[in-house]
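*Asks:* Below are the chains, spelled out letter by letter.
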Amino acid sequence: MVNKLTNVTSLSGNGLRDWLIQRSTSVILAAYIIFLLGYIISHSPLDYVTWQHLFTHFSMRLFSSLFLLSLFWHAWIGMWTIVTDYIKPTSLRLMTQLVIIIALFLYFIWGLVIFWGTI
Amino acid sequence: MLKKVQVICIWMLIKRIICRSFSCGPLKGLQSVSKRPINLNLLTIRFPITAIASILHRLSGFFLFLIIPAFLAVLALSLRSPEAFFTVHTCFQHPLIKLILLGFLLALFYHLLAGIRHLLMDAGVAEELKPARLSAGVVIVLAVVATGLMGIYLW
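Top line first, the protein sequences correspond to chains A and B. Position in the first sequence (first residue = 1) + 41 = the working numbering. Position in the second sequence (first residue = 1) + 387 = the working numbering.
Please note that a few of the clues may not be correct.
[To be verified] Quick list of simulated restraints, FRET-style, between CB atoms:
1. B:L516 with A:S100: 40 to 46 Å
2. B:L483 with A:L139: 20 to 26 Å
3. A:A144 with B:I436: 31 to 37 Å
4. B:E515 with A:V154: 45 to 51 Å
5. A:V140 with B:E470: 31 to 37 Å
6. B:T474 with A:H84: 25 to 31 Å
7. B:L507 with A:P130: 35 to 41 Å
8. B:L483 with A:F146: 28 to 34 Å
9. A:N55 with B:A460: 14 to 20 Å
10. A:L133 with B:I487: 41 to 47 Å
11. B:L507 with A:H98: 31 to 37 Å
12. A:V140 with B:L483: 25 to 31 Å
13. A:A144 with B:T474: 23 to 29 Å
[What the hints assert, rightly or not] On the chain B side, residues computed to face chain A include the following (Cβ under 10 Å):
14. N428
15. F472
16. L495
Read the hints as simulated data drawn from the structure, not as lab findings. For glycine and all other residues, C-beta sits at the position ideal for the given N, C-alpha and C.
Bound-form chain A, shown alone (with noise of 0.2 Å):
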């Protein structure tokens, strides 16, 4: 039973579903950096209500949930891949993948009250 339990942890227990979900998560990810770093500088020097206003804009609201999910995802794969290649130890590498799973799930939520809540 704990032999077998190699990609339970994995996003989508599927290799080749979890390639294609880190390819397309990166090109969001890509997307939304290069777009914040272009904003930040082409704004330069940077205030609080152009800022904000930008935060509180509703399609960039989606876009960082958009972002959000995709770093959940991304790492997720990111972080299984790291994790079950130096960790052998099944139950050592379970309970460190499940308690980084735990991590990024409480990120996605952070960040979701950060870019929705009252700003």
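Keeping the supplied structure of chain A fixed, place chain B upon it in accordance with the hints.
*Replies:* Below, chain B alone, put in the same frame as chain A:
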């Protein structure tokens, strides 16, 4: 992929060491390997640049994972109120904070560029050894240059 190569290398080293240590019966089939020269000097073993690019992609990804809570905390603070935004703004004037920010940006730029290289290779671009080596070098240099430019911009 890197892992497989590593495993094979380690396995070959182990075989060589065993064959040298005991030139004995059960490993007779491996003796042809044992006649090859051994290179265990850590100062002369060099990883190919593609391997370095690959492990840096992993390291930067891991580092970025560790940074997520700090990133969210700063973002939350900067959006809370004008006063909090001002606090964040003031903090980023400090040279030490700027250096930490540059470290984060180096990891981010490297991971981003290496990721784009990865996507291109998945699409069949630069899959051969020569362009793969070249693009690995280009990605490393570009990440450093982009971070340097951000450093100039920040100071």
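*Asks:* If a hint holds in the structure, say so; if it doesn't, say that too.
*Replies:* A quick look at each hint next to the structure:
1. B:L516 with A:S100: 40 to 46 Å: holds, 44 Å
2. B:L483 with A:L139: 20 to 26 Å: Given range 20 to 26 Å: violated, Cβ gap about 35 Å.
3. A:A144 with B:I436: 31 to 37 Å: Between A:A144 and B:I436, where Cβ atoms are some 33 Å apart, the hint holds.
4. B:E515 with A:V154: 45 to 51 Å: Cβ of B:E515 to Cβ of A:V154: about 48 Å, so the range 45 to 51 Å holds.
5. A:V140 with B:E470: 31 to 37 Å: holds, 35 Å
6. B:T474 with A:H84: 25 to 31 Å: 19 Å Cβ-Cβ, so the 25 to 31 Å window is violated.
7. B:L507 with A:P130: 35 to 41 Å: For B:L507 and A:P130 the Cβ distance comes to about 37 Å; the hint holds.
8. B:L483 with A:F146: 28 to 34 Å: holds, 32 Å
9. A:N55 with B:A460: 14 to 20 Å: violated, 34 Å
10. A:L133 with B:I487: 41 to 47 Å: violated, 31 Å
11. B:L507 with A:H98: 31 to 37 Å: holds, 32 Å
12. A:V140 with B:L483: 25 to 31 Å: holds, 30 Å
13. A:A144 with B:T474: 23 to 29 Å: holds, 26 Å
14. N428: violated, 25 Å
15. F472: Hint holds; B:F472 Cβ to chain A Cβ min 4 Å, cut 10 Å.
16. L495: Holds, because the Cβ-Cβ distance from B:L495 to chain A comes to roughly 7 Å (cut-off 10 Å).
When the structure is compared with the earlier hints, violations turn up for hints 2, 6, 9, 10 and 14 and for no others.
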